[in-house]
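S.K.: Chains as they are written, first to last, in the numbering used here: chain G, 4 to 281; chain D, 4 to 281; chain H, 4 to 281.
Errors might be hidden in some of the hints.
Claimed, not checked - DSSO-like, lysine-lysine: derived pairs with alpha carbons at most 30 Å apart:
#1 H/Lys189 <-> D/Lys47
#2 D/Lys39 <-> H/Lys39
#3 D/Lys47 <-> G/Lys47
#4 G/Lys39 <-> D/Lys39
#5 G/Lys47 <-> H/Lys106
#6 H/Lys47 <-> D/Lys39
#7 G/Lys189 <-> G/Lys39
#8 H/Lys106 <-> D/Lys189
#9 D/Lys189 <-> G/Lys47
#10 G/Lys106 <-> H/Lys39
#11 H/Lys189 <-> G/Lys47
#12 H/Lys39 <-> H/Lys189
#13 G/Lys47 <-> G/Lys189
#14 H/Lys39 <-> D/Lys189
#15 H/Lys189 <-> G/Lys106
#16 H/Lys39 <-> D/Lys47
#17 H/Lys106 <-> G/Lys106
To be verified - Okay, the calculated beta carbon distance ranges per label pair:
#18 H/Ser151 <-> D/Arg253: 46 to 54 Å
#19 G/Pro277 <-> H/Pro277: 28 to 36 Å
#20 H/Gly98 <-> D/Arg253: 46 to 54 Å
#21 H/Val95 <-> D/Val137: 57 to 65 Å
#22 G/Ala80 <-> H/Pro126: 38 to 46 Å
#23 H/Lys106 <-> D/Ala181: 47 to 55 Å
#24 H/Ala132 <-> D/Val137: 27 to 35 Å
#25 G/Leu38 <-> H/Leu105: 47 to 55 Å
#26 H/Lys106 <-> D/Thr84: 33 to 41 Å
Since the hints were made in silico from the structure, they are not lab data.
Idealized CB from N, CA, C, for every residue including glycine.
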Amino acid sequence: MEGSTAPEEFRASIAGAIVTNSLFMLGASFLLGGLKHHAQEFNKAGTRLQGGLLFLATVALMVPSAIAQADRAPGVAFTQTLSAGLAVLLIVAYGLGMLFSLKTHRELFASAEHGAEGEAPWPIGLALATLAGVTVLVALVSEIFVESVQHAAAAFGMTPAFVGFIVVALVGGAAEMASAFSGARKDRLDLSVGIALGSASQIALFVAPVLVLLSYVIGPTPMDLQLWPGAVVMMLIATLTAALVTNSGRSAWFVGVLVLMVYLVFAMTLYLLPPRVQ
Amino acid sequence: MEGSTAPEEFRASIAGAIVTNSLFMLGASFLLGGLKHHAQEFNKAGTRLQGGLLFLATVALMVPSAIAQADRAPGVAFTQTLSAGLAVLLIVAYGLGMLFSLKTHRELFASAEHGAEGEAPWPIGLALATLAGVTVLVALVSEIFVESVQHAAAAFGMTPAFVGFIVVALVGGAAEMASAFSGARKDRLDLSVGIALGSASQIALFVAPVLVLLSYVIGPTPMDLQLWPGAVVMMLIATLTAALVTNSGRSAWFVGVLVLMVYLVFAMTLYLLPPRVQ
Amino acid sequence: MEGSTAPEEFRASIAGAIVTNSLFMLGASFLLGGLKHHAQEFNKAGTRLQGGLLFLATVALMVPSAIAQADRAPGVAFTQTLSAGLAVLLIVAYGLGMLFSLKTHRELFASAEHGAEGEAPWPIGLALATLAGVTVLVALVSEIFVESVQHAAAAFGMTPAFVGFIVVALVGGAAEMASAFSGARKDRLDLSVGIALGSASQIALFVAPVLVLLSYVIGPTPMDLQLWPGAVVMMLIATLTAALVTNSGRSAWFVGVLVLMVYLVFAMTLYLLPPRVQ
């Protein structure tokens, strides 16, 4: 029982984290920064890369769900093979994106890297091993975390969709949000946008694919990337909105309001959605 | 009978007005201006705000329809509560947009305000009361108007979908179109774009939400924001097209042709659509 | 039997050529150019026109399929009349686009025309007659071509959807791809983007509509523009991706990787898709 519903909740919390990071974290950064500073500018090259990666990831994550939706029953084997293939593609894209931003075109990302100027670089082997280890750890911890939040929220009468998409993502991203908001207040919007889009695309391009591939090794059943249609629509609108508002490289408080409003529309819908419908 | 179909026709004419203003009014302004002037420029900050508001409104108006479509029967109570919540959100966004463009960042909208430079500002209380009064009046008048146009057009063999979406919107927006086209001919494209996107977002962010909220007080049955899927797709494409073409802040006659073509595709589809299908 | 399935395959290969040209040809040009040159710039006005035309064409091609999908059975007569009307609209838009880029605003496209500077202009009558003749020829040849590729690929166990969308489009566009890639290596990205988007929009705005109209004269049954939902989604994402990445007028190798990844996602999906599902 436990084992069979876990993948469902994982996928909801992955989609929720992408939506929350690219709408709430970004919008609140714009709003908080804009309330203090009349107008703010940020580095365009870095945000375009993040926006492009995020859009690609959303397209890849959408495909299995779109096909399952359009054709009713394409078969479980098909969805799982496709998900594994897409997972490999996404990890390759993530790796090439790192190569681009840290090696071949690092001068474009100068300002975004600024925050880490005091740190010595890690050896690549250690960095990759740590990254893999942390991902597995996060996956295991978040299973326990999601479950306990789910129980607590059910006691308040919240729907599972609202909890998985909104509450878990907000609580789980609290630390990153604190950094993003503090950057925005200090007129370092580069940092805020980088954290918001960076963490969204890291989940989509690294955490989700690694979980899919790991589920073949350690999970009770292989996990696929099939989401319910509403989640796909929200991810698409969230990443499109993030790409549109970061495209100009400038911001004022009202841009933050607009982005937060889109998030509120989603949160309100999920809050009101009757449980059986999700 | 009359009372029960009215909300349906209202919603169709709201969606039609948004599509007609953001495609036909904008496209014809670009074309008419472009036939006289080789290339035209317009203020970007103002159109970006309007474009952003319009996109937000489309997302909000889409959500109830998308959920109803995806999940077949989510229940009438759910759709109505959600519509009322979204209506409040849209009105708040509209108010904050006014605060942004008229108070905190008015310097960004200098050129677009130009046309009203001679007018003395109204006291805020009077302005709001007038706005509310005019909206109710327009709603009542347009019920009679829509009905009489519907009868006339049916005599010509036009489908109800074509009448509600295209004919009513074109006739109802005639006065604004005259202003927009005259601005375009005088190389004041700021004004034309402002009128086209401004009236589209005013309908989406103020008229539609106010009608939803008023329907709880004065209507026979509460009105919700649920539209047929084709209307949602048209609104989404219309606002996306408007956002894309206004984004560069420059125009030539062919941009107008492209936008008008998208409108013609919709008009032709609605004209040919057999009545029972809508 | 043969005659009744041909329109289906035609439509698949038209959609496949649009997707392949706007993703694979464009992405590979960016990647190949970017591996040789650190950063590349290209003419924005020309690509914006192509991007705009392509988006319009995708919207027009989508409408019959979207309505058929949303409303289940709108009737064959409706779909055929609508397809014929849309075909006329698209050809008019194509003609006006030529007028714009070759006559009234040719100075905007100076750089993109560069490659043809040595050629003397053809008389308009001869040019049009040649264009019409070549189109009919291509249609007849590609029927034979598609069929033989289909047989060969079936022997390798490839699904018909993969063959129609990917294999036929890659083989059929080989000559244009060679030009586009060679332009990219010579830092003439204008040329590459022009060929990729130009050939995609030529298929959508000229070849497909002419085939629809010709099918009334020479075909066994009139051909319409109705595609399966997955093809519509892919066309929409492909043209949106092409519009987004060409919008900035600058490129580096990783932009090519992103575009190619989207194409790989589609190719992988079509390769794995069980035959009966398409």
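S.K.: Hint by hint, note whether the structure agrees.
M.R.: These are the hints, each one checked on the structure:
1. Distance restraint check for lysine 189 of chain H and lysine 47 of chain D: the Cα-Cα separation of roughly 35 Å exceeds the 30 Å cut-off, and the hinted pair is therefore not satisfied.
2. Between lysine 39 of chain D and lysine 39 of chain H, the direct Cα distance comes to roughly 45 Å. Violation of the 30 Å bound is thereby established for this hinted pair.
3. Distance hint between lysine 47 of chain D and lysine 47 of chain G is fulfilled; the C-alpha atoms sit about 18 Å from each other, no more than 30 Å.
4. For a cut-off of 30 Å, the pair hint linking lysine 39 of chain G to lysine 39 of chain D is broken: about 45 Å separates their Cα positions.
5. A threshold of 30 Å between alpha carbons decides the hint, and for lysine 47 of chain G with lysine 106 of chain H the separation of about 36 Å lies outside it, so the pair is violated.
6. Simply put, lysine 47 of chain H and lysine 39 of chain D have alpha-carbon atoms about 24 Å apart, close enough for the 30 Å limit, and the pair holds.
7. Restraint check for lysine 189 of chain G and lysine 39 of chain G: satisfied, since their Cα atoms lie roughly 9 Å apart, inside the 30 Å limit.
8. Among the hinted pairs, lysine 106 of chain H with lysine 189 of chain D is consistent with the structure: their alpha-carbon atoms are about 24 Å apart, no more than 30 Å.
9. A C-alpha spacing of about 35 Å is found between lysine 189 of chain D and lysine 47 of chain G, which places the hinted pair above 30 Å, so the restraint is violated.
10. In summary, the hint linking lysine 106 of chain G to lysine 39 of chain H is supported, as the alpha carbons are separated by about 16 Å, within the 30 Å threshold.
11. Restraint check for lysine 189 of chain H and lysine 47 of chain G: satisfied, since their Cα atoms lie roughly 27 Å apart, inside the 30 Å limit.
12. For the hint pairing lysine 39 of chain H with lysine 189 of chain H, the CA-to-CA distance comes to about 9 Å; that is within 30 Å, so the pair holds.
13. Simply put, lysine 47 of chain G and lysine 189 of chain G have alpha-carbon atoms about 18 Å apart, close enough for the 30 Å limit, and the pair holds.
14. At roughly 48 Å between alpha-carbon atoms, lysine 39 of chain H and lysine 189 of chain D are farther apart than 30 Å, so this suggested pair is violated.
15. Straight-line distance between C-alpha atoms of lysine 189 of chain H and lysine 106 of chain G comes to about 24 Å, which keeps the hinted pair within the 30 Å bound.
16. Proximity of lysine 39 of chain H to lysine 47 of chain D is assessed by CA-CA distance (about 36 Å); at most 30 Å being required, the pair is judged violated.
17. Using a Cα cut-off of 30 Å, the hinted pair lysine 106 of chain H and lysine 106 of chain G is violated, with the two alpha carbons roughly 45 Å apart.
18. With their beta carbons about 48 Å apart, serine 151 of chain H and arginine 253 of chain D fall inside the hinted range of 46 to 54 Å.
19. A hinted range of 28 to 36 Å for the beta carbons of proline 277 of chain G and proline 277 of chain H is consistent with their spacing of about 34 Å.
20. Between glycine 98 of chain H and arginine 253 of chain D the Cβ separation comes to about 23 Å, which falls outside the hinted range of 46 to 54 Å.
21. Checked against the hint of 57 to 65 Å, the C-beta distance between valine 95 of chain H and valine 137 of chain D comes to roughly 40 Å, which is inconsistent with it.
22. In this structure the hint that alanine 80 of chain G and proline 126 of chain H lie 38 to 46 Å apart at CB is violated, the actual value being about 59 Å.
23. A C-beta distance of roughly 30 Å is found between lysine 106 of chain H and alanine 181 of chain D, which places it outside the suggested range of 47 to 55 Å.
24. Checked against the hint of 27 to 35 Å, the pair alanine 132 of chain H and valine 137 of chain D fails, with Cβ atoms roughly 59 Å apart.
25. Checked against the hint of 47 to 55 Å, the C-beta distance between leucine 38 of chain G and leucine 105 of chain H comes to roughly 51 Å, which is consistent with it.
26. In this structure the hint that lysine 106 of chain H and threonine 84 of chain D lie 33 to 41 Å apart at CB is violated, the actual value being about 57 Å.
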